[in-house]
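**Q** The residues making up each chain are set out below.
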Amino acid sequence: MTRSGTGIAQKGGPEQESVFKTSTAVRYALDLVFTILVFVATMIGLVVLAVLLIDIARDGVPRLSWEFLTGFPSISPERSGVYPALLGSLWLLVITAIVSVPLGVGAALYLQEYAPDTWLTRLIEVNVSNLAGVPSIIYGLLGLGIFVNLLGPITGGQSIVSGALTLALLILPVVIIATREALRAIPDSVREGGFALGATRWEVIRGHLLPMALPGALTGTILALSRAIGETAPLIVVGAATYITFVPEGPLSAYSALPIAIYDFVSRPQEAFQIAAAAGIVVLMVVLLLTNSVAIWLRNKYQRRG
Amino acid sequence: MSLLLRTFLLALTLALAGCGGRGQEQEGDGQSQIAVEGSSTVLPITQAAAEAFNRQNSDVRITVSGAGTGDGFEAFCNVDTQISDASRPIKDEEADRCEQAGVEYIELAIAQDALTVVVNPRNDFAQNITLDELRTLWEPSAEGQVTTWNQVNLEWPDQQISLYGPGSQSGTFDFFTERVNGKEDESRTDYQASEDDNVLVQGVSGDTSALGYFGFGYFEQNQQRLKALNVDGIAPSVETTQSGEYPLSRPLFIYVNAQDLEEQPELEEFVQFYLENLDQFVEQAQYVPLSPEAAQEAGERFNNRTTGTAPEDALGAEHKGNGK
Amino acid sequence: MTVEARRDPRSEAGKWHRESRARHFRERAIKIVLAACAYVSVLTTFGIVFVLIFETIAFFREVSVVEFLTSTTWSAAFANPQFGIIVLISGTLLTSIIAIAVALPVGLLAAIFLSEYASTRLRRWLKPALEVLAGVPTIVYGYFALTFVTPFLQSTIFPSLTIFNALSAGLVMGVMIIPTIASVSEDAIYAVPRGLREGAYALGATKREVATKIVVPAALSGIVAATILGISRAIGETMIVAVAAGNLAQLTANPQEAVQTMTAFIVQVASGDTPTGSLTFNTIFAVGTTLFIMTLILNIVSYLFVRRFWEIYE
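Protein sequence lines correspond, in order, to chains Z, V and F. So for the first sequence, the numbering used here puts the first residue at 1; every next one is plus one. So for the second sequence, the numbering used here puts the first residue at 1001; every next one is plus one. So for the third sequence, the numbering used here puts the first residue at 2001; every next one is plus one.
Heads up, a few of these hints could be off.
Straight-line C-alpha distance at most 30 Å; calculated DSBU-like pairs for lysine-lysine [said to hold, decoys possible]:
no., chain 1, residue 1, chain 2, residue 2
1, F, LYS2031, Z, LYS301
2, Z, LYS301, F, LYS2207
3, V, LYS1183, V, LYS1227
Calculated Cβ distances over 12 Å to all of chain F for the following chain Z residues [stated by the list, open to error]:
no., residue
4, SER65
5, GLU113
6, GLU125
7, GLY152
8, PRO153
9, GLN270
Please keep in mind that the hints were generated in silico from the structure rather than gathered at the bench. All C-beta atoms, glycine included, are put in the ideal place defined by N, C-alpha and C.
All chains, please: the whole structure from these sequences, using the hints.
**A** Next comes the structure, spelled out in structure tokens:
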């Protein structure tokens, strides 16, 4: 005797009360609605992105040229270029990544794999979460106070290192949280299997957990670096120059950055500067895409369904 | 993991290679480097000067930042910068701090900005506005009260007026409130504010009942979208501002560290070059050059190394400072 | 074998013993290094508190805490300043709520699509495409809101929209946060073991039922983490609101009007012409401290909430 029918007639007896919807027609209809919903949701993001990019590209791409990429900023919009800003951003990106990724992954590993379940650990967890919401300009003030002023002799004051360290602190919570979630998703059986075979915790991490958590960690890194590359306010506070006559020669050098150049162009009255700003944004997005594609390639390589 | 490391190292090498191509010899940190910070309004003028100077003296490294006049003075009094861009004169507290730090400065007026009062081009009834009318419109007691055009001038229609203006943190605001309302920072607060003048242009040009005020350069670049009002009968223009007729023109300054001027020959060269070709830079930056008398006075102050602020600047406006 | 024989470095067992001592030492060293990484975040918080505290105290020496918390006017940078933080908080809340109202459903649904409905090939480029949204500089978003979204809304659904308004800023901020919620949730959803899904399918569940009743609950921890990350981002966002929401500090619940958020105020004063050390400048720090405390409370509450949820499912 069937418990819950789907329209199949039952011998004798009344239809039974069921916890589940019994009509397949309703279920399939809901399914269709849901499928449309998820598709539309994804499309919303893509459509907005496309509109934005097309709008910028329309203005910016014609302005792109070798001179624009290798030129210095100028009072004349036609002569302005983004060379020092581009190099500055690249320097910042590399140093920020080198600092924040190991720190972030390391912190996540500690919090998820090593830390005992005490109030102290919980405090650190809440702390990390909280730091993700601190506005970027406060990080700028922090960077100014500590890296530029206090540690000035080591960092060179208003230098690339100060800027990169400030950005690294800014994006650290994102890397930590994303990596942590990736580690959390790994079933304990993997860990226990490793321990059963006599491996130490670190050997289990290095051999199994890290590769499995890598995709999630990379997602966090992508999102984090994307944010870092586009930040303006903290860099201004920490001393990135708007106009500079030279390119950075090392991590202790003065510098400019793409978002600052863009912000400067955008606030000038001449229309031609608005076009230059659009071109600058295109350059920024290309750098972003290149950085992301490295991480994405790595992520695809390491990701497999459990 | 080592692949990641390798990739980062590759990127780092590329970045390093990129800057090896162009760039000057590093002569030792801060040796021939001139650091300028301060107002983002004055930044374009200093930038134009630095650009032209750099063409002839490519070994001098100049950085210019626009974090704000206040931040600029802070860095200046910390001896972090040699020149400070300022869209307002130095305030007492800042001057005191410089004095305590042993920093002596030379105040040089370098340009003027004409504050332009604009309305939408479809506004056909307003041609001129007096300073009194501006005050009626913008003073603190107007908040929530003065909301129609005819409350400002009886000849104007009984229509809603929407106001646009710079935010309370900009030098334009400081100057306007002091000149029109009598006291700095005194203004009604119920208006559309933005620190970015381009945004104000956007606002006024899209709103037929709008009235706003901002720097002359932004009006000049958008003349098809905006209509400028005469103030007290004088139209805003380079000529009327330079001659002093236009009542709403504000001075822009640079402050130079007097001691560094003596110790750093390239700094002296730069400021000299700056002042000699001032008109060219000011025009490139879309501001109004000083009158010949004011320019001469600035030159004299520099040549005589006169430190401290002037009690009354060449434009005839009294302002706060050490020499009050 | 005797203990001595086991420890004799020349024997096979002895070599293993020596190696395991080295392993233990390495283990401890690694644990300390990793712990140090985690404590960097603690140091950061101390740094932020340190940076904020002095000027905040200086601020409250001149302005009473009562006025700060209860006044309903904010005109900090004008003459005769009023300091009612409620006004700025309302601006932040208004824009953030709109942003999350957009980002959470869209982000979550997009995550489900990416994980459950899209083919592997499609997912490979679709996910990064959405992540590009996170990389667009926030000034660009701000101007997009001001020059595109606002006129669009004005001419269609909301004719009484002012040029600066909380709605456009909130919507665009929501779009910016979509990748944060979508991508992190999606990783969590993707990682749910296949077996769970296949078991459900075997019992006759439809794709929707598997997605909503099996997979999402299993990935809940990651989804909640993603959401909290998104909310934090919304509250801390600066440029979009500074450009598009206006700088009019007024207490309102109407998204069609201009507002000023806490972050927009901070940026306005920090990049303006105020002398450092003045009351107006110190206001930045008081507002920053308020923001910090607000997000802290939010995080503590959601942490407790998540822990309860988590225990139910484990």
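**Q** With reference to the structure, classify each hint as holding or not holding.
**A** Hints and how they fare:
As the CA atoms of LYS2031 (chain F) and LYS301 (chain Z) are separated by approximately 28 Å, the hinted pair is consistent with the 30 Å bound. With a C-alpha separation of about 27 Å, the suggested pairing of LYS301 (chain Z) with LYS2207 (chain F) holds against the 30 Å cut-off. At roughly 27 Å between alpha-carbon atoms, LYS1183 (chain V) and LYS1227 (chain V) fall within 30 Å of each other, so this suggested pair holds. No beta-carbon of chain F is positioned within 12 Å of the beta-carbon of SER65 (chain Z); the least distance is around 21 Å.
With a least CB separation of 8 Å from chain F, GLU113 (chain Z) falls inside the 12 Å interface cut-off, contrary to its annotation. Once the 12 Å rule is applied to beta carbons, GLU125 (chain Z) is inconsistent with being away from chain F; the minimum gap is 7 Å. Once the 12 Å rule is applied to beta carbons, GLY152 (chain Z) is consistent with being away from chain F; the minimum gap is 15 Å. Here PRO153 (chain Z) stays apart from chain F, with its beta-carbon at least about 18 Å from theirs, past the 12 Å limit.
GLN270 (chain Z), annotated as away from the interface, keeps every beta carbon of chain F farther than 12 Å; the closest lies near 16 Å.
Going down the numbered hints, you'll see the structure goes against 5, 6, while the others check out.
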